[in-house]
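Undergrad: According to the numbering used here, the sequence shown is numbered sequentially starting from 6.
Derived by calculation from the structure, the hints in this document are not laboratory data.
From the three backbone atoms N, C-alpha and C, an ideal C-beta is built for every residue, glycine too.
Do not rely on the hints blindly, as some may be mistaken.
For each label pair, taking beta carbons as the anchor points, the in silico distance ranges come out as [what the hints assert, rightly or not]:
| hint | residue 1 | residue 2 | range |
| --- | --- | --- | --- |
| 1 | 194 | 30 | 49 to 55 Å |
| 2 | 193 | 42 | 39 to 45 Å |
| 3 | 120 | 23 | 48 to 54 Å |
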Amino acid sequence: GTVISFSKQLLNHKTTVSRIVSLLGDEKSTEKNLSKCIYTVGIGSNDYINNYLMPQFYPTSRLHMPDQYAALLIEQYSQQLKTLYSYGARKVALFGIGPIGCTPGNIATYDTNGSLCVDFINKAVQEFNIRLKTLVDNLNHNLQDAKFIYVNVYGISSGPLAGLQGPNPCCSVANIANNGGILTCIPFSPPCPVRALEVFYDATHPTEAANLVVAGRSYVSLLPSDTHPIDIRQLARL
6 GTVISFSKQL LNHKTTVSRI VSLLGDEKST EKNLSKCIYT VGIGSNDYIN
56 NYLMPQFYPT SRLHMPDQYA ALLIEQYSQQ LKTLYSYGAR KVALFGIGPI
106 GCTPGNIATY DTNGSLCVDF INKAVQEFNI RLKTLVDNLN HNLQDAKFIY
156 VNVYGISSGP LAGLQGPNPC CSVANIANNG GILTCIPFSP PCPVRALEVF
206 YDATHPTEAA NLVVAGRSYV SLLPSDTHPI DIRQLARL
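Go ahead and model the full structure; you've got the sequences and the hints to work with.
TA: What follows is the structure in structure tokens.
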């Protein structure tokens with residue numbers, strides 16, 4: 006399928022909001038209904054996996070240190086979220102980036118220096134996550150009736166995921182380190198027999214089982230660090 010940028014998705018949502026206004030008959034009714042909706046937004050991983058960590062195709066990592074790149078992403082993200090707010094969003098859950106230095110693709114591509122994961126990648130995405138959590142506080146402080154929350158995907162995914170295994174991919178993938186960035190399953194290759202026990206389906210994407218753990222702890226926090234300042238269940242009650 007086609008990759009649709011967040012900016013394009015916002016334009017599509019603007020069109021949808023206009024249609025809702027037509028259906029409900031006026032903007033106030035639309036605003037009231039949208040203010041009750043819960044929006045979930047999770048972006049950033051591809052900006053690293055398919056850009057910053059691909060120096061053979063993009064100059065980004067040569068132009069910006071990890072903290073600089075994270076700051077640039079958050080600045081653009083901030084403007085986009087303000088646009089989403091202007092279209093009527095009030096309850097918004099922002100999902101941070103997980104420990105992508107622990108994906109099978111990155112482990113196969115980079116030297117882990119004896120670590121379980123590629124530490125420099127995880128440190129880079131944490132620069133993004135730290136700024137995203139701060140952005141949540143800023144948006145809540147500066148935008149009237151805004152209720153943004155941060156979901157700590159990195160922290161949730163860094164611990165044991167309910168007995169799931171890893172970090173091997175569930176399906177057969179090409180030679181990850183030399184396949185030009187193709188991290189998905191080899192077509193028609195058989196998947197592993199028990200996908201419910203695996204963390205990764207291919208070289209980069211988590212399985213449904215792994216996503217269920219993150220979803221559950223984002224809805225009802227298991228630890229205080231799972232979400233900030235509240236979890237999605239509390240957000241729904243506001």
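Undergrad: Is the hinted range of 48 to 54 Å satisfied by the C-beta distance from residue 120 to residue 23?
TA: holds, 50 Å
Undergrad: Can you tell me whether the CB distance of residue 194 to residue 30 sits inside 49 to 55 Å?
TA: holds, 53 Å
Undergrad: Verify the CB-CB distance for residue 193 and residue 42 against the hinted window 39 to 45 Å.
TA: Given about 40 Å between the Cβ atoms, the range holds.
Comparing the model with each earlier hint shows no violations; every hint is respected.
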